[in-house]
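Novice: Since chain D is already given, all that's left is putting chain C on it; use the hints.
If you want the building blocks of each chain, they are given just below.
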Amino acid sequence: MLDVSDLHVYYGLSQALFGVSLRAERGELIALVGRNGAGKSTTLKAIVGLCRPRRGRVVFGGRDVTGWPPYRIARAGIGYVPEDRRVFRSLTVQENLEAARLPERERADGWTMAGVFELFPDLARLRGHLAGRLSGGQQQMLTIGRALMTNPDLLLLDEPSEGLAPLLVQLLAERVALMKERGLTIVLSEQNVEFVRELADRVYTLEKGEVRYEGRMQDFLASEEIARAYLGV
Amino acid sequence: MSIETLAIQAAVGLVNAMLLFLVASGLSLIFGVSRIINFAHGSFYMLGAYAAFTLAQFAPTHPGWLLLAVALSALAVAVVGALVETSFLRRVYASDELFQLLATFAVVLAVSDLVKIVWGSANKSLPLPATYRQALPILGQPFPVYYFLLLVLGVVVMAGLWWLVYRTRWGVQVRACTDDRDMANAIGINQKWLTTSVFLLGTGLAGLGGVFAAVMGTITPVMDSDMLVEAFVVVVVGGLGSLLGSFVAALIVGELKAMAILVFPSASMVIVFLLMAVILIVRPWGLFGEAEE
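If you read the protein sequences in the order shown, they are chains D and C. Each residue of the first sequence is one higher than the one before, counting from 71 in my numbering. Each residue of the second sequence is one higher than the one before, counting from 161 in my numbering.
Looking at chain D on its own, in the form it has when it is part of the complex (with noise of 0.2 angstroms):
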């Protein structure tokens, strides 16, 4: 579904991707595991057309998508959730949905906003609030909520849990793992593995720019070395 190959992206000068290769099969759930500034971020930026990569390609769904406008690539079914949580801060929650609703990607069993207040009942509560008022928390859920509005084949998470506290941790697990078995493909970014151990299918993890591990979560966990060096800090 996703095959991204030999990334290179610049700010600038300074190069934050050398070359980063990454595949995610329909239904997969993919995490990208690695510390602050290895590249996470802009690998998924990249996806989503809002760096462009200066070499490399992003395939999506069998379509060359490299160098399209971020709309153009959210109408052909990725969905983007970033990180620190960019809500339309002067916007009310359900306009927070309703500017992400997608018409030409609207299905009889996609996601509506009863489906994603469903999934995110607090949002439902809070309809009419200013999104800008929000708790962490729950503008957390609101830019998952955002995302989904798109009705995506694949949806990237960045470092969904950074910043939450535990119970909302294990509550935004349990709905991620809730979004995978309606069968939507995910690339979720943590710089910590508990959060995805239970949830990611496979691992990649990034240092400095580079893909160093590539694997199955199982054989990732079972080989210590690897493991401790990115479990719970």
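In short, the hints are calculated from the structure, not lab data. Heads up, some of the hints might be wrong.
A few chain D residues that face chain C, going by a derived Cβ cut-off under 8 angstroms, partial list only [claimed, not checked]: (1) 80; (2) 81; (3) 107; (4) 118; (5) 120; (6) 158; (7) 160; (8) 165; (9) 194; (10) 197; (11) 198; (12) 220.
We put the beta carbon where it would ideally sit given N, CA and C, even for glycine.
Specialist: Relative to the frame of chain D, chain C by itself:
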């Protein structure tokens, strides 16, 4: 100074505030989605005034025709604004702010010369049908009918604008882009055409403001810069990108100027700038804007 004089002056301030809001709200909307400081906004305002002048000549004494001319002028300016955006301004969105300023300033100069070529340098005034020139006695003072006409039209347009921005999907998308362009893009909003539609609306509002100004006063080839300065004051005081802010700021500036003319006739504009300076010091992001994080 009698209470009647104050009341009349307050009413004059109200009409001016409405005109200011029409122009400033367009400027603010355009800035919100395009992040362009559009110096050419005053030029579209001026074009609205001249377009109304030309259209009014066809039936200068017919009350209904004037209303039609008002609508047609605003519409014509909206189309010109959208054309300028798609053919020219669109190309500088990714450039440095300095280049953007130069580009919009180029439009200012081009329109200014074009107006002098087509309509000449002499001041003009709109022929008003007698129906609108009649004076109604308000608090014992004569108050021309066209003031009421402008007030009613203005309120209708403002209500429509509010509905568009706060009650339609288009408005939700415009406000989403104003909040965060990249995120709006990443959820599938095509900003290219959204921006063009905002230019269409924004320059149309400027054009309508120009028509209102033509009804109330003199049409001059320098009215573009006069209005541009005031519209910027309103947008800055209200907070860039905030429609409610522009509304409140337009009321403050309009009334302040009207009252200042009674007390210090020669310093009314200075007082408005003092207000802006004070607000910029206390709240640099304006009355209703959000502080940058």
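Novice: Each hint: holds or not?
Specialist: Hint check:
| no. | hint | in the structure |
| --- | --- | --- |
| 1 | 80 | violated (17 angstroms) |
| 2 | 81 | violated (15 angstroms) |
| 3 | 107 | violated (20 angstroms) |
| 4 | 118 | holds (6 angstroms) |
| 5 | 120 | holds (6 angstroms) |
| 6 | 158 | holds (4 angstroms) |
| 7 | 160 | holds (6 angstroms) |
| 8 | 165 | holds (5 angstroms) |
| 9 | 194 | violated (18 angstroms) |
| 10 | 197 | violated (13 angstroms) |
| 11 | 198 | violated (13 angstroms) |
| 12 | 220 | holds (5 angstroms) |
In this structure, the earlier hints numbered 1, 2, 3, 9, 10, 11 are contradicted, and the remaining ones agree with it.
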